[in-house]
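Student: Chains as they are written, first to last, in our numbering: chain A, 3 to 150; chain B, -8 to 244.
Hints listed in this document are in silico derivations from the structure and should not be mistaken for laboratory results.
Wrong hints could be hidden among the right ones.
[Said to hold, decoys possible] Just some of the chain A residues that point at chain B, by a computed CB distance under 8 angstroms:
hint	residue
1	Leu62
2	Ile63
3	Phe74
4	Thr77
5	Pro111
6	Gln120
7	Ala123
Backbone N, C-alpha and C fix where the C-beta goes; we use that ideal spot for every residue, glycine too.
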Amino acid sequence: MRPAAIRTALIWLALASAPAGALEVYTVVGDTIPAPLGGKIGDPERGRALVLDRTQGNCLICHQVPEPNEPFQGTIGPDLAGVGARLDTGQLRLRLVDASLLNPQTVMPPYFRNQGLQDVAPAFRDRPALTAQEIEDVVTYLASLRTP
Amino acid sequence: MTSASRVVATALLALAGAAGAEEIKPGSAFLSPQMQRQQEDEARNPGWLWVEQGEELFSRRDGVAPTCASCHADPKRSLRGAAARYPQVDAAGGKLINLEGRIEQCRVERQKQPAFGYESQELLGLTAYVASLSQGVPLSVSTEGAAKPYYEAGKSFYERRQGQLNLACTQCHDGLVGQKLRGDTISYGIGTGFPAYRLEWNGLGSLHRRLRACSLGVRATQFDYGSDEYLALELYLAVRARGLPVEAPGLRR
């Protein structure tokens, strides 16, 4: 990771450990977050449901996944088929938690961040898009997508 | 200038012109061919039902109040092109207003009648009717003088990341044009087709209703109908669409 990205990560760490709306603290190593958030154990079936659910991950607005019964999958981000073979769980976790740590211009939303966001709708304010448990569920599901 | 350099200069001009003209396309260019044809066919584009209702309201008398037609005789000519110049700063109030705002102002101040209210069927009908009189007229809003700060505010709104999904308008409507977001093909996000009939709404809706949908999409604050924030944004979108024709009533998914 570039020094700038590491610095950003440290700033988020500092913010995340602040008392108001505190999120589980994580450590960035290279382009990964090696340890599961809050030590949670992910469940791939729950992860799959979160990815497909329009009110939760809603990942299919941008990505394709190997789900033949899901019509209208997005073409904005990379196809997620085989992503578990391309990236290890630590890399998946970092990209889901806050892809802007790697690419400040990224279109991929930060799913585990509740600070530094503007004009968040009241219903979503102060909480991340996915909880630590949900991030782990989605990471476990993505890791299972091994066939390109 | 030598003839050779004149040829080069002309070629460069032609290139510059082509690039400028090609840059931004209307929302209808991103519809399926069937929906494009349906939008153009007055008998099959449901938006024209609202236009007809608006046309009726335009000459309907409410008590002793003058009708719209009393002040705007021969509207097909006198109001042709009006919609293409909105939003604009109201000379009397000094504030930016859009077409809906102007119609409500006429209703309240000149007709002395209670406002219809944003997104009421009456205001949608009148707005669609007046906008339809400008079909084909290129947008030509002003950003001079008192309009300038609104333009600046609209531009920074458009470029600023917002909401829990942390996305800016420009990331989708410049960066991802032509890409699929679920079943939609992302357009340049300009408002030349509004008010538009949206299948998802099962009815006609204003541009501000569409903007509220994009705000909600990124889980950002939805501003009020007619708010300064969306008016400024509307002005910025109209500047991006300068030279493109008014297409209202549009037809959308």
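Student: Each hint should be assessed against the structure and marked as holding or not.
Tutor: Tested hints:
The closest approach between the C-beta of Leu62 of chain A and any C-beta of chain B is roughly 7 angstroms, which is under the 8 angstroms cut-off, so the hint is satisfied. Because the beta carbon of Ile63 of chain A sits about 5 angstroms from the nearest beta carbon in chain B, less than 8 angstroms, this interface hint is met. Look at Phe74 of chain A: its Cβ gets to within about 4 angstroms of chain B, closer than 8 angstroms, so that hint holds up. The interface hint given for Thr77 of chain A is met, as the beta carbon of that residue sits about 4 angstroms from the closest beta carbon of chain B, less than 8 angstroms.
Interface hint at Pro111 of chain A: satisfied, since its Cβ lies 4 angstroms from the closest Cβ of chain B, which is below the 8 angstroms cut-off. The beta carbon of Gln120 of chain A comes within 5 angstroms of a beta carbon in chain B, closer than 8 angstroms, and the hint placing it at the interface holds. Interface hint status for Ala123 of chain A: upheld, as the beta-carbon distance to the closest one in chain B is roughly 5 angstroms, under 8 angstroms.
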